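> Line order of the protein sequences matches chains A and B.
Mind the numbering: the first sequence is residues 1 to 115 in the working numbering, read in order.
Mind the numbering: the second sequence is residues 1001 to 1113 in the working numbering, read in order.
None of these hints come from the bench; they were simulated from the model.
Just so we're clear, the structure is a prediction, and the values are computed from it rather than from any experiment.
Some clues are possibly wrong.
[As the list claims (entries may be wrong)] Across the chosen pairs, the derived CB separations fall in these ranges:
no., chain 1, residue 1, chain 2, residue 2, range
1, A, Ile-83, B, Val-1012, 40 to 48 angstroms
2, B, Glu-1069, A, Gln-10, 41 to 49 angstroms
3, B, Pro-1106, A, Ala-1, 24 to 32 angstroms
4, B, Arg-1009, A, Ile-83, 18 to 26 angstroms
5, A, Ser-59, B, Tyr-1010, 29 to 37 angstroms
6, B, Ser-1082, A, Glu-66, 37 to 45 angstroms
7, B, Tyr-1010, A, Gln-110, 19 to 27 angstroms
8, A, Ala-17, B, Arg-1073, 42 to 50 angstroms
[Unchecked claim] Below are the DSS-like pairs computed for lysine-lysine, each with C-alpha atoms no more than 27 angstroms apart in a straight line:
no., chain 1, residue 1, chain 2, residue 2
9, A, Lys-49, B, Lys-1057
10, B, Lys-1053, B, Lys-1018
11, B, Lys-1070, B, Lys-1055
12, B, Lys-1013, B, Lys-1055
13, B, Lys-1071, B, Lys-1003
14, A, Lys-49, B, Lys-1013
From the three backbone atoms N, C-alpha and C, an ideal C-beta is built for every residue, glycine too.
Chain by chain, the residues run as shown.
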Amino acid sequence: AQSVTQLDSQVPVFEEAPVELRCNYSSSVSVYLFWYVQYPNQGLQLLLKYLSGSTLVESINGFEAEFNKSQTSFHLRKPSVHISDTAEYFCAVSALSGSARQLTFGSGTQLTVLP
Amino acid sequence: DVKVTQSSRYLVKRTGEKVFLECVQDMDHENMFWYRQDPGLGLRLIYFSYDVKMKEKGDIPEGYSVSREKKERFSLILESASTNQTSMYLCAVHGGQVNYEQYFGPGTRLTVT
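In isolation and in its complexed conformation, chain B is listed as follows (with noise of 0.2 angstroms):
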């Protein structure tokens, strides 16, 4: 199984600051994704990724980018948070064409005040 983990599992950043979550990964798995987790909303896509350097956008890309400089590691930023980001983040990994299952890291959860 894949190992994925994340940087921080609780945050709390101001209105307007610059805020990274990064995931690191113990395979060499090609896709990672972004998702938020908010109550009676499921998750929801923010970003994946495909390969080093490349990305696309989710379901609700507004606010956020991201950046995969090296395989292991995919990070999300929050280019000037908001109250609204406030939420459970979850890093996955899609563990390839034999299993097609994605593993997920232990969430980060964000407050923004």
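Isolated chain A (complex conformation) (with noise of 0.2 angstroms):
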């Protein structure tokens, strides 16, 4: 089985501020990792996922993540926030159980971008 911590729930951050949302997991086998975000009263979207290669991944809009095996880790990241990137974000992890493709959900971290 898997799990996945996302230490903190809320993280107030000044426009143009960096910021770095935190995610650990724990799994016996390989995974599949993934960063969605939730804008308000919406669905979910996918920002980014590592399924191999290289550990650094980048999303269209700024964010990136990297994959640490050693520390079990996929912290997000981005370098300069925008209002517009106030949204709750969720870290998952995939491995193949039974005869679907399940995530694992952290339960995610509410970033808010301030004026």
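Got two chains here, separate frames each, mind docking them using the hints?
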């Protein structure tokens, strides 16, 4: 079984400041890693994912995450945030289980960007 | 990308009522999922289905059942709604073994009074 820990439930940050949202996971098998974003009153959208290859993955809107196998982490970073980045962010892991690919989610981090 | 639609955005039901939440995908993917989302708990898997008429329990199946009679449609059923089932319900579709991601519907906010 897998588990995901997002240590920070709330992260307030000023506009144009850098931010890091932390994600740690545990698993006895290899995993795929995902970050999803949820804007108010919407469903979840994929932000970025790590399946294999380069451990640093990037999204189209400036976020990046680095897979660190030794520390079992997949932290999300952005060097300069905008008001529009205010949302809830979920880290998730996936491993083959049964007949379907399930996701195990963390409890989420609310990022609030302040003017 | 897969488009996932859910039958209602907001729903208010009374305790003891039978509730149906429907989810429809516009592709032909096999794996579909129902989650509930509660503050501080993230998303928790209720049930999933890997083909027509095939289903498996997730982490919190108690009080719920599901139905998948056609590949594009996956229904979540609350046989007798209770106040502790007030929550946001999210349907998702797995995009297959090319990109491995799940595509989510907009969610149904259910209130049981």
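> Hint by hint, note whether the structure agrees.
Against the structure, the hints come out as follows:
1. For Ile-83 of chain A paired with Val-1012 of chain B, a C-beta distance near 33 angstroms fails the hint of 40 to 48 angstroms.
2. One distance hint, 41 to 49 angstroms for the beta-carbon pair Glu-1069 of chain B and Gln-10 of chain A, holds here, with the actual separation near 42 angstroms.
3. Taking the beta carbon of each, Pro-1106 of chain B and Ala-1 of chain A are about 29 angstroms apart, inside 24 to 32 angstroms as hinted.
4. With their beta carbons about 25 angstroms apart, Arg-1009 of chain B and Ile-83 of chain A fall inside the hinted range of 18 to 26 angstroms.
5. The hinted range of 29 to 37 angstroms is satisfied by Ser-59 of chain A and Tyr-1010 of chain B, whose Cβ atoms lie roughly 30 angstroms apart.
6. Roughly 43 angstroms separates the CB atoms of Ser-1082 of chain B and Glu-66 of chain A, a value that falls within the hinted 37 to 45 angstroms.
7. Hint check: Tyr-1010 of chain B to Gln-110 of chain A, Cβ distance near 22 angstroms, so the stated range 19 to 27 angstroms holds.
8. For the pair Ala-17 of chain A and Arg-1073 of chain B, the beta carbons lie near 45 angstroms from each other, so the given range of 42 to 50 angstroms is met.
9. Restraint check for Lys-49 of chain A and Lys-1057 of chain B: the C-alpha separation of about 26 angstroms stays at or below 27 angstroms, so the hint holds.
10. Of the pairs offered as hints, the one joining Lys-1053 of chain B and Lys-1018 of chain B holds, with about 21 angstroms between alpha carbons and a cut-off of 27 angstroms not exceeded.
11. At roughly 13 angstroms between alpha-carbon atoms, Lys-1070 of chain B and Lys-1055 of chain B fall within 27 angstroms of each other, so this suggested pair holds.
12. The straight-line distance between the Cα atoms of Lys-1013 of chain B and Lys-1055 of chain B is roughly 26 angstroms, inside the 27 angstroms bound, and the hint therefore holds.
13. Taken as a hint, the Lys-1071 of chain B and Lys-1003 of chain B pair is honoured in the structure, with Cα atoms around 14 angstroms apart against an allowance of 27 angstroms.
14. For the hint linking Lys-49 of chain A to Lys-1013 of chain B, the alpha-carbon distance of about 37 angstroms lies beyond 27 angstroms, and the restraint is violated.
Hints 1 and 14 from the earlier list are contradicted by this structure; the remaining hints agree with it.
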